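Chain residues, written in single-letter form:
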Amino acid sequence: NAGVTQTPKFRVLKTGQSMTLLCAQDMNHEYMYWYRQDPGMGLRLIHYSVGEGTTAKGEVPDGYNVSRLKKQNFLLGLESAAPSQTSVYFCASSQLQGRAFFGQGTRLTVV
Amino acid sequence: GNSVTQMEGPVTLSEEAFLTINCTYTATGYPSLFWYVQYPGEGLQLLLKATKADDKGSNKGFEATYRKETTSFHLEKGSVQVSDSAVYFCALSLPGNYGQNFVFGPGTRLSVLP
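Quick note, the sequences are listed as chains A and B, same order.
Residue 79 in this note's numbering sits at position 79 of the first sequence, with consecutive numbering throughout.
Residue 57 in this note's numbering sits at position 57 of the second sequence, with consecutive numbering throughout.
The shape of chain B in the complex, shown without the other chains:
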């Protein structure tokens, strides 16, 4: 079946540290890949996306590269800030699928300490 696996959290980092959150997927067909972020008390917001192999999505200093060979879409940021504290969800969207369109990972909670 189709699924998304993320590294277990919570992840706690000091400000200006390097961040990696691993995401791997299993999918039939050729999915689009997304990272969503959820700040406390809010809904999910799109952070970045990639629609084909070797595409790099980037936004607000975050980056992720669509790796078809390893079925991965790891999220990275070179220097995190306290304001990056949130829950991060990796997700895939399936092509030509008239059923469930999105599959989400379980989420990874990030806490950044000053």
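Just chain A, same shape as in the assembly:
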């Protein structure tokens, strides 16, 4: 009964380094999302996917890339990390108009 699993849970990067956050869901959901959460800003959508092989930009896509090569996985990449990308990142999945299931979050610090 895993639901949505994010890895890693914590990471510290130096400015300019790259990394990939992995999101995996075992509910056969079509929709997957990456959000960032910053103090006082609520949830902001970075990128989302409506199915395997598809991705689309959300509200704050700059500096991030995503891939959905398999239906169950949604990867978020940072090619050259910046301090402004210090945040908590949440992945979520859902079916159309169904409830969204969230991962536990990844706390990323860029120094």
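Hints are computed from structural coordinates only; laboratory data are not their basis.
As the structure is a computational prediction, the values presented were derived from the model and not from experiment.
Even glycine gets a Cβ: it sits at the ideal position worked out from N, Cα and C.
The reader is advised that the hints may include incorrect statements.
To be verified - A few chain A residues that face chain B, going by a derived Cβ cut-off under 10 Å, partial list only:
no., residue
1, Tyr35
2, Gln37
3, Leu45
4, Gly77
5, Phe101
6, Phe102
To be verified - Computed, partial: chain A to chain B, Cβ under 8 Å:
no., residue
7, Phe90
8, Arg99
9, Gly103
10, Gln104
11, Gly105
Given chain A, work out where chain B should sit, using these hints.
Using the frame of chain A, we list chain B on its own:
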């Protein structure tokens, strides 16, 4: 566009007080409405939902009624506990939309004092 507006927080209450967190929405079509809760250090969890007008979602003593005429989905609880301290997010999900499916409000932080 589609949006969700919530009352500004933080909200601080004493234990056993009555809670209302206001939520209003703007949406094309006929959305489903949700309240999510985020406890410290955790992801968001579904608290309750409603899929059509006049539906009442309820869970753990919390209630919210889908009011189409006022485009609102206010969260209420008759007697809060310290364990209810969390951030509450109102959200909508759009019908037949092959783009972004969910729109979240900014969240309202609730602190309940013993």
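We went through each hint and held it up to the structure:
With a cut of 10 Å, the hint placing Tyr35 (chain A) at the interface with chain B holds, because the nearest CB-to-CB distance is about 8 Å. A distance limit of 10 Å between C-beta atoms decides the matter here; for Gln37 (chain A) the minimum to chain B is near 9 Å, and the interface restraint holds. The beta carbon of Leu45 (chain A) comes within 6 Å of a beta carbon in chain B, closer than 10 Å, and the hint placing it at the interface holds. Annotation: Gly77 (chain A) was flagged as interfacial toward chain B, and the flag is violated, the nearest CB pair being 20 Å apart, outside 10 Å.
With its C-beta approaching chain B no nearer than about 8 Å, Phe101 (chain A) sits inside the 10 Å limit, and its interface hint holds. Below 10 Å, beta-carbon pairs count as interface contacts, and Phe102 (chain A) has one with chain B at about 4 Å; its hint therefore holds. Annotation: Phe90 (chain A) was flagged as interfacial toward chain B, and the flag holds, the nearest CB pair being 6 Å apart, inside 8 Å. Checking Arg99 (chain A) against chain B: minimum C-beta separation of about 5 Å stays under 8 Å; hint holds.
Satisfaction of the interface hint for Gly103 (chain A) is found here, the shortest Cβ-Cβ separation to chain B being roughly 5 Å, below the 8 Å cut-off. Given hint, Gln104 (chain A) at the interface with chain B, holds; its Cβ is 5 Å from that chain's nearest Cβ, closer than 8 Å. Restraint check, Gly105 (chain A) versus chain B: the minimum CB separation of about 5 Å is within 8 Å; hint holds.
The structure is inconsistent with hint 4 alone, although it conforms to all the rest.
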